[in-house]
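Chemist: Residue numbers (full-length UniProt numbering), protein chains in the order written: chain A, 1 to 93; chain B, 1 to 93; chain C, 1 to 93; chain D, 1 to 93.
Bear in mind the hints are in silico, worked out from the structure with no lab data behind them.
Given the structure is predicted, the values throughout are model-derived calculations rather than measurements.
The list treats identical chains as interchangeable, and a pair is accepted whether it falls inside one copy or across any two copies.
Below, a list of computed lysine to aspartate or glutamate pairs in the DMTMM-like style, where the Cα atoms sit at most 25 angstroms apart:
#1 Lys57 with Asp78
#2 Lys30 with Glu61
#3 Lys83 with Glu51
#4 Lys90 with Asp78
#5 Lys20 with Glu54
#6 Lys57 with Asp82
#7 Lys90 with Glu61
#8 Lys69 with Asp82
#9 Lys20 with Asp78
#10 Lys30 with Glu50
#11 Lys65 with Glu54
#12 Lys65 with Glu27
#13 Lys90 with Glu50
#14 Lys65 with Glu51
#15 Lys65 with Asp82
#16 Lys90 with Glu27
#17 Lys83 with Glu50
#18 Lys69 with Glu27
#19 Lys83 with Glu61
#20 Lys20 with Glu61
4 protein chains.
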Amino acid sequence: MAVAELCLFPLGTGSPSVGKYLEPVLEVIKASGLKYYVCPMGTVVEGSVEEILELVKKCHEAMLKAGAKRIVINLKIDDRVDKSLTIEGKMGV
Amino acid sequence: MAVAELCLFPLGTGSPSVGKYLEPVLEVIKASGLKYYVCPMGTVVEGSVEEILELVKKCHEAMLKAGAKRIVINLKIDDRVDKSLTIEGKMGV
Amino acid sequence: MAVAELCLFPLGTGSPSVGKYLEPVLEVIKASGLKYYVCPMGTVVEGSVEEILELVKKCHEAMLKAGAKRIVINLKIDDRVDKSLTIEGKMGV
Amino acid sequence: MAVAELCLFPLGTGSPSVGKYLEPVLEVIKASGLKYYVCPMGTVVEGSVEEILELVKKCHEAMLKAGAKRIVINLKIDDRVDKSLTIEGKMGV
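So that you can see chain A by itself, here it is in the shape it has in the complex:
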């Protein structure tokens, strides 16, 4: 299992406050069934690399539907095969 941090934001919105574009993304993450953990700079999820990439696609679609004209996605995945990574395990450094 892998742990990933996902961060999307829209460019060219009329205001520096972009919460209304982020809310539908968080709804998609919650609905995914994957374990998640909201962090200040992104949302962390736990799953297989395939599940995580599928989720990124849905988050991108949700932000487009929210009206974003340009979207920057930052994704960082940490995947380990000799033992399974978990959100909780990675919190203990």
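Based on the hints, put chains B, C and D in the right spot on chain A.
Modeler: Relative to the frame of chain A, chains B, C and D by itself:
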């Protein structure tokens, strides 16, 4: 069309030189048919968000096959719907 | 005030487990006096851009001292001048 | 010597085209005296970690002066002590 930068590297390989894990990843990118551009800190590709995420999955599999036990993936996507982004367009700032 | 996420890891260590290189980095962050918040994929800090960059330098030095031969640093800063960003504010989306 | 990729962009600018905020940043990089290489998803520079962090501070100031109200900075540094990294060396994978 979106432009993305993809960077994978293995942890715990015993040597700070990790080229032998990167070569099969580059082969996968070349074989993908997507336009690509090798940069010092990652490889840039041009395609739909869906094509890019599919490619990430294949790159991850290639590095696992190369023997990596832990892989960190960094992906940054820039997607724009009011006009199409291209590698060349983004080089002109 | 800005909020930043900082993530360092060593390449070429003998094992995929890199906790012993991360511990001294966390000590440096704790000793900095900046407000911080440990996340699964990095540590989030709150401060001016100048304070954050100064901290990155010290974290890098700490990981070198821990014996790392190659270090990858990922830093993401979110800075806003029309109102002050805080870790707590950014947790509420 | 380290190699780093630096990417800044402004949020809330009203238009998805942000080139006028990026131009002064590129001017700062050119004036720094560091070797640089413009990539589609950021600009790559070569220098010590200290020089790179100093440059990030100046780029941030330049984008603020250009009128940005909220700035997201992405910095990735690859530093190696057993041999010196260069932009050219890293292009050969």
